[in-house]
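S.K.: Based on the hints, put chain W in the right spot on chain C.
In order, the protein sequences belong to chains C and W.
The first sequence begins at 14 in our numbering and counts up one residue at a time.
The second sequence begins at 4 in our numbering and counts up one residue at a time.
Quick caveat, the hints were computed from the structure, so don't treat them as lab data.
Possibly wrong hints are sitting among the right ones.
[As the list claims (entries may be wrong)] Here are the simulated SDA-like cross-link-like pairs (lysine to any residue), alpha carbons at most 20 Å apart as the crow flies:
#1 W:K316 x C:R155
#2 W:K180 x C:H126
#3 C:K123 x W:G182
#4 C:K123 x W:A175
#5 C:K187 x C:Q199
#6 C:K19 x C:Q42
#7 W:K180 x C:Q133
#8 C:K19 x C:D218
#9 C:K187 x C:D145
#10 C:K70 x C:T58
#11 C:K70 x C:D80
#12 W:K316 x C:E105
#13 W:K316 x C:Q42
#14 C:K19 x C:N35
#15 W:K105 x W:R178
#16 C:K123 x W:F148
#17 W:K180 x C:N35
#18 C:K187 x C:G232
#19 W:K180 x C:G232
#20 C:K187 x C:P234
#21 W:K316 x C:M210
#22 C:K123 x C:H144
#23 W:K180 x C:E128
#24 W:K180 x W:T203
#25 C:K123 x W:K316
#26 C:K187 x C:M210
#27 C:K19 x C:L69
#28 W:K180 x C:D145
#29 W:K316 x C:N152
#30 W:K180 x C:E121
#31 W:K316 x C:D145
#32 C:K19 x C:G232
#33 C:K70 x C:Q26
#34 W:K316 x C:T108
#35 W:K105 x C:E121
#36 C:K123 x W:F181
#37 W:K180 x C:R120
#38 W:K180 x C:T108
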Amino acid sequence: MPSALKADGITVQFGGVVAVDNVSLDVQQGTILGLIGPNGAGKTTLFNALTGFVPLKAGRIALHGQDVTHLAPHARVRAGMGRTFQTERPFEELTLLENVLVAAFLREPKRRHAEQLAMQVLEQVGLADRHDQPALDLNLARRRRLELAKALAVQPRVLFLDEMMAGLNPPALKEMIGFVRELAAQDLTIVMVEHIMEAIIELSDHVIVMANGHVITEGLPREVIEDPRVITAYLGED
Amino acid sequence: MNRHYLILSGLVVLGILYPQAFPGYLSVAITLLLFAGWATAWDILGGWAGQVSLGHASFVGLGGYFVAVGASQYGIAPWWAVAMALVAAAVLAYLWGRLTFKLTGPYFTLSTIAIAEILRLVAINEGWLTGGATGVFIMSLPEPFGLDLFARQTNYYLALAFAALTVLTVIAMSRNKFGYQLRAVREDEDSAMASGINPTTVKLKAFMLSGALTALGGGIYAIFLSFLEPHVIFYLLLSVQIALTAIIGGRGTIWGPCVGALLVVGSGEVFRTTFAEANMLIYGLLIMLVVMFLPRGIVGEPARYLIRRAYAKRAQS
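Only chain C is shown next, with the shape it has when bound in the complex (with noise of 0.2 Å):
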């Protein structure tokens, strides 16, 4: 299977802090990465590295082959990456379609196509029958859902997702993990974040496991989350 991204020794510093210490990753086209660890473990530092957000100290970065160490993010996201946030903003006052739009132009200029595009892509999240309501008050699943869609509309090849499932309630998260996990059918490669273990277990191919910056063990979901290592980092030592 072909490398849809590959990073090599990433490190980022803040100040005299090393966040994130010579992490390697190698994600293969179509399969899921779950990202886990403490709070504080650097997960989504090394998310926000992976994406351009936060300046590297050290590492390379390829998407697909093409060397992206050195562009910004929105340049990133032109070259294939897309990615939510932790905490949704969408503009309150524009409608959901609007909302989905602004991403939708990146690779449908007119505004005819790109409008097609944002309903096509509200439709795989199922909140095309509320497209034209603004996203003021969207409760919390559905501005995930929102926000999912505003990644997906700029058609990555390698989708981010930052907590995606935190909060939800279990009809809610059982629906994000289908989301999720028909993305990946589709032959998108996927990079996340998460705290939720069932989500993790459910969806993973390949789970990395972070704590205070290092990556401390990695594998399948099922043997990772086994791993006494694991249990020490959240748990702590008796």
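M.R.: Relative to chain C, chain W alone:
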């Protein structure tokens, strides 16, 4: 078809008829139209892109000086002078944006004040070109098709065309890719980048467009005044007035700046004649009332209310 185009066409027709109905009130109408156009142009950057400038007098001055100096010193026809001013304004906006868009919030705004001030000092000190502190007179202008450019009626129609052009630009922009990019950048630059938008490029484009349109109005203003003084045209007060007109009317709305111009220029005129010295007091009070009770502006606040109400209705059904 978009209803805004219809409203604009209706207003333009009314505008064309206005000199027949009120031939004695052309000057105040010209001022109103120029402010409507400037505030609308300002709003492309200040409202739609969310970058508040308090230096737009620079562009007014640039447009004005190109026309005035061109006519008085070099015999350049005003339309060529305006064309050059548009390019100069776009270049100024580009360089200025390149330097300052790394600054956010109040720092960008402060830098804009500085630039208008620099241009004012240049206009005062480079007397060989600009006439220095005494200013520059436009003695004569060519007469295209026998049209007297100094005539109030001609000034009026130029101002009307300018205001209509800026509003037309914003209506078109509000529905296209660029308009959505501007809104995205204003709301959240990170989120805009995640949609593949380069915030700096988008802000630069907005600044260049806003500056060039403002300079166009500046050129018409110079013909209207036929006399330019650096203290007046590059003055901070003019920049503040342009910004306030848009803010009072409603930033980031299509009609807000025009409504703001009606209120600010119209009431300014009424208050000046009725209340004489007290007019600034009332002007200040008006601004306070809008800021306190209608923070999104006179057009922005009801627009938001309508959106909320439409949402509430849908939520009930």
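S.K.: Hints first: check each against the structure and report whether it holds.
M.R.: Do the hints match the structure? See the list:
1. W:K316 x C:R155: holds, 19 Å
2. W:K180 x C:H126: holds, 11 Å
3. C:K123 x W:G182: Distance of about 13 Å is within 20 Å: holds.
4. C:K123 x W:A175: Measuring from Cα to Cα gives roughly 13 Å; hence the hint holds.
5. C:K187 x C:Q199: holds, 19 Å
6. C:K19 x C:Q42: Measuring from Cα to Cα gives roughly 11 Å; hence the hint holds.
7. W:K180 x C:Q133: Answer holds: K180 of chain W to Q133 of chain C is near 18 Å, not above 20 Å.
8. C:K19 x C:D218: Measuring from Cα to Cα gives roughly 16 Å; hence the hint holds.
9. C:K187 x C:D145: Status violated; Cα separation ~26 Å.
10. C:K70 x C:T58: Judged against 20 Å, a Cα distance of about 12 Å means the pair holds.
11. C:K70 x C:D80: holds, 16 Å
12. W:K316 x C:E105: Judged against 20 Å, a Cα distance of about 17 Å means the pair holds.
13. W:K316 x C:Q42: Violated, at roughly 45 Å.
14. C:K19 x C:N35: holds, 13 Å
15. W:K105 x W:R178: violated, 28 Å
16. C:K123 x W:F148: violated, 40 Å
17. W:K180 x C:N35: Violated, at roughly 40 Å.
18. C:K187 x C:G232: violated, 24 Å
19. W:K180 x C:G232: Answer violated: K180 of chain W to G232 of chain C is near 43 Å, above 20 Å.
20. C:K187 x C:P234: The given pair, whose Cα atoms are some 18 Å apart, holds under the 20 Å limit.
21. W:K316 x C:M210: violated, 39 Å
22. C:K123 x C:H144: With a Cα-Cα distance of about 19 Å, the restraint between K123 of chain C and H144 of chain C holds, given a limit of 20 Å.
23. W:K180 x C:E128: holds, 11 Å
24. W:K180 x W:T203: Distance ~16 Å between K180 of chain W and T203 of chain W Cα, so the pair holds.
25. C:K123 x W:K316: violated, 32 Å
26. C:K187 x C:M210: Roughly 13 Å between the alpha carbons, so the hint for K187 of chain C and M210 of chain C holds.
27. C:K19 x C:L69: Holds - the C-alpha atoms of L69 of chain C and K19 of chain C are around 15 Å apart, at most 20 Å.
28. W:K180 x C:D145: Holds - the C-alpha atoms of D145 of chain C and K180 of chain W are around 18 Å apart, at most 20 Å.
29. W:K316 x C:N152: Between K316 of chain W and N152 of chain C the Cα gap is close to 16 Å, so the pair holds against 20 Å.
30. W:K180 x C:E121: holds, 9 Å
31. W:K316 x C:D145: This hinted pair holds, its Cα atoms lying about 13 Å apart.
32. C:K19 x C:G232: Between K19 of chain C and G232 of chain C the Cα gap is close to 16 Å, so the pair holds against 20 Å.
33. C:K70 x C:Q26: holds, 6 Å
34. W:K316 x C:T108: holds, 15 Å
35. W:K105 x C:E121: With Cα atoms ~29 Å apart, K105 of chain W and E121 of chain C exceed 20 Å; violated.
36. C:K123 x W:F181: Since the Cα atoms of K123 of chain C and F181 of chain W sit roughly 11 Å apart, the hinted pair holds (cutoff 20 Å).
37. W:K180 x C:R120: Holds, at about 11 Å.
38. W:K180 x C:T108: Holds - the C-alpha atoms of T108 of chain C and K180 of chain W are around 15 Å apart, at most 20 Å.
This entry does not satisfy hints 9, 13, 15, 16, 17, 18, 19, 21, 25, 35, going by the numbered hints stated previously.
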